[in-house]
Structures are given as C-alpha cells and as structure tokens.
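For this one, chain A is given, so just place chain B on it according to the hints.
Same order as they appear, the protein sequences are chains A and B. Residue numbers for the first sequence follow our numbering, so the first one is 866 and each next one is one higher. Residue numbers for the second sequence follow our numbering, so the first one is 1032 and each next one is one higher.
Calculated from the structure, these hints are not laboratory results. Just so you know, not all the hints are guaranteed correct.
[Unchecked claim] No more than 30 Å apart at the CA atoms, straight line, and that leaves these computed lysine-lysine pairs for BS3-like:
#1 Lys1194/B / Lys943/A
#2 Lys901/A / Lys943/A
#3 Lys971/A / Lys1194/B
[As the list claims (entries may be wrong)] If you want a taste of the chain A side facing chain B, the calculated C-beta under 10 Å gives, among others:
#4 Lys878
#5 Asn891
#6 Pro895
#7 Ser899
#8 Phe913
#9 Asp919
#10 Thr940
[As the list claims (entries may be wrong)] Which residues of chain A face chain B? A few of them, derived with a C-beta cut under 8 Å, are:
#11 Val882
#12 Phe894
#13 Pro917
Computed from a predicted model, the values in this text were never measured in an experiment. Ideal placement from N, C-alpha and C gives every residue a C-beta, glycine not left out.
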Amino acid sequence: MSKLAAVRPAALKAGSVVWIPCELTNGIFPSEQSVKIEVNMGERETIFGFIPRDDIRAGERLNLGLVRAVILNATNGKVAVLFRGDILSQSNPVLVPREWLLKVAKVEA
Amino acid sequence: MILSYKDLLSAWKRGRIRFRPDLDESQVGLSSIDLRLGHVFAKLKSSPGIVIQPARGFDPTGHVEIEDTSKAGFVSGGPIFRLPPGEFRLAFTLEEVTLPQDLAANVQGKSSLARAGLAVHITAPHIHPAWSGKITLELYNHGPWTLEFVPGEDLVCQLILYKVSSPVDKRAADALSTYVGQGTPFPKRQARRPMPRRRK
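In isolation and in its complexed conformation, chain A is listed as follows (with noise of 0.2 Å):
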C-alpha cells in the first residue's frame, strides 16, 4: 500500500482522493466496519457511518485508522467530501472545514 502524505491547498480539488483519520469498530456486514471521525474545528461535530473495508486503511494503534473520501466541491472555506458506505449522521456529502481538512488528511504520496 503507497506512503501518505500531508495534503498540499492545491490538491483539495473535486476527484482529489484524501485520507481521514476516524475511530474504528464492527460494522454491521464482515464486510464493513463502522467509522467515527471527530471534526474539532469550527462546529464540532462527529461524522458517523458504516464504510467497505476497501475504504479503509488501518492505523498504529487497532481502534485507529483512515478512511478514504473524495473531493466533491471546495468552496468558501467548506470542502464536500464523499464516502462510499453509508453515512448515518450527516448527508453524503459530508461539509467540514477546509483548514481542518488541511490538518488532519493525508493523500497518497
């Protein structure tokens, strides 16, 4: 699997592919585990859903990992990212700020 890297301005374009830091547990199907991602800028809110294992790339620790999600639309300081899966707490696309995205994401290198 390809090295990560930070996320440069110019790549939070539509078709860009980041990956999200999120909580991780079962998800319903074997097929699937459920995502948490606490967004801690702006509105904090938390974005909760059940994603294909496809999507996701785990992290050092067993409970932490990435997810994947694609750049629809950045604008006026929000970016719409979507997720494959189901996203239970918010509509998909998701809203979050674009400063948190910066921070947080990662992109393949």
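Then chain B, alone, in the frame of chain A:
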C-alpha cells in the same frame, strides 16, 4: 426519465453501468435490471432494554448474527437462505454496481416475490449517481409462510435507472468508482452456472 430495455442494454454493454460479477443478459428487463441475492445476511439480535440512536452512530458489536451461505457448515445445511414470517434481515445484492455520473437508480422489489410477502427495502431505495458497491437490502417477510431463497442465484430485486438533470463531477465520479488496491474493478466475465429463468 427511466431507462428502458434498449438503453439499459447499451449502457451495460458499453460499460457505463458496471456489475461485478457481470450480468447475464437475461437479467435486463423492459425498464429495469434484475439483481441476485448475495450470500451474507445479518440478523439484528433482539436485546431487551437496548435503545440506539441510529442517526448518531452505534456499535453493533455483539448485537448482530451473521449468516454466510457461501461457507461450508452453514446451519441450514445447504446454500439456502430462509426468512421466517415477521423476520428482518440485512443482506446485499450479489452484484457490485457502479453507476456513471449521470444516472441515479432505485432498487425495488419484484411483484412475484411481493405476492409471497417479501419486501426488499424499508423506504430507502435511492442510489446516487457515481455510487459504487453492493446494494444493501432490508429484507422483511410480511407473509404467513417461511420464504426460501438460493443465494447467488435468485433474482430478488430490480434496479431502475434514471437520468439526472446534471452529472456529478466526472473526476469525483471516477475517483469514487476506483477500487482501492485493485488494478481493475471489473475482471473478465467468468463461466458460471446457467441463470435461473427470469421471473416477473
């Protein structure tokens, strides 16, 4: 606008709508495409006193029983899935579906199976453009008899495709339909068992 037979065939043969495993042509209908029942079923266990907030996230660990009919030793003794009256299971279609950026879809039941009491979704039939994956089915038996299915073969739902007014950004659509860690998301079609006869 709903796609009809000629457009469905064209969209499939030209690779605009993709399926893995691939369709048999007999699955294409006048204005829908029939999909097969997958092998994995999730039963949500009844647990007295449990309250969840489904729109805020929940941990299903310990509250789900998985039945995988593709694995030897399945309790029913064969590749058969049974749904007793009044019971609910989550399941997937056999096919992974990838939609292009300008088509949305609805998954719906089939009238023949609805007559026997089968519902395949609970008010959530919509699939967005550029979506990719197996479709989750919410199976419920409204009828008085146990229903029996052959996973991997029985056609239990149909996909109805619509043109959307403006397409999703192509770059985003392409990125969504790219499978992580796989060179190609759709391997060549493989020989398999003959398809069951199409049911209305």
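Going through the hints against the structure:
{"no.": "1", "hint": "Lys1194/B / Lys943/A", "verdict": "28 Å, holds"}
{"no.": "2", "hint": "Lys901/A / Lys943/A", "verdict": "20 Å, holds"}
{"no.": "3", "hint": "Lys971/A / Lys1194/B", "verdict": "34 Å, violated"}
{"no.": "4", "hint": "Lys878", "verdict": "8 Å, holds"}
{"no.": "5", "hint": "Asn891", "verdict": "5 Å, holds"}
{"no.": "6", "hint": "Pro895", "verdict": "6 Å, holds"}
{"no.": "7", "hint": "Ser899", "verdict": "6 Å, holds"}
{"no.": "8", "hint": "Phe913", "verdict": "3 Å, holds"}
{"no.": "9", "hint": "Asp919", "verdict": "5 Å, holds"}
{"no.": "10", "hint": "Thr940", "verdict": "13 Å, violated"}
{"no.": "11", "hint": "Val882", "verdict": "5 Å, holds"}
{"no.": "12", "hint": "Phe894", "verdict": "6 Å, holds"}
{"no.": "13", "hint": "Pro917", "verdict": "6 Å, holds"}
When held up to the earlier numbered hints, the structure conflicts with 3 and 10 and fits the remainder.
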